[in-house]
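Visitor: If you count the sequence shown from 1, position 22 lands on 44 in the numbering used here, and the numbers rise without skipping.
Read the hints as simulated data drawn from the structure, not as lab findings. The reader is advised that the hints may include incorrect statements.
[Unchecked claim] Distance ranges between label pairs, derived from CB positions:
id : residue 1 : residue 2 : range
1  : Ile39     : Pro68     : 18 to 24 Å
2  : Leu38     : Pro68     : 23 to 29 Å
3  : Ala30     : Pro68     : 25 to 31 Å
Bear in mind the structure is a predicted one, so any value in this text is a computation, not a measurement. For every residue, glycine included, the Cβ atom is placed at its ideal position computed from N, Cα and C.
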Amino acid sequence: MAEPTLPAAEVTTIFLICPVWGQMAEVTALYGRRGFVSVVGCPLSPPGSGCAAPCEELVRRWCEYAA
Numbered sequence: 023m024a025e026p027t028l029p030a031a032e033v034t035t036i037f038l039i040c041p042v043w044g045q046m047a048e049v050t051a052l053y054g055r056r057g058f059v060s061v062v063g064c065p066l067s068p069p070g071s072g073c074a075a076p077c078e079e080l081v082r083r084w085c086e087y088a089a
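Just need the whole structure built from these sequences, with the hints factored in.
Guide: Next comes the structure, spelled out in structure tokens:
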């Protein structure tokens, strides 16, 4: 019988206060076997902007705490 395998990465939603806008945001992040991968979406950030970058440290800490 084959061992069950975990997906390489999962999408998770994290609620946090945006360090740029100061508003509550529902941030979508990619979380892999080795931990946080990247922020992939935020309703406060227009697509293609670098706005999500400041959130990455907050999301990284949250994912480490939750693991």
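Visitor: If you check the beta carbons of Ala30 and Pro68, does the distance land in 25 to 31 Å?
Guide: Holds, at about 28 Å.
Visitor: Range hint 23 to 29 Å: satisfied by the CB atoms of Leu38 and Pro68?
Guide: violated (18 Å)
Visitor: Regarding Ile39 and Pro68, is the given constraint of 18 to 24 Å on their beta-carbon distance met?
Guide: Distance hint for Ile39, Pro68 holds at roughly 19 Å.
In summary, the one numbered hint that this structure violates is 2.
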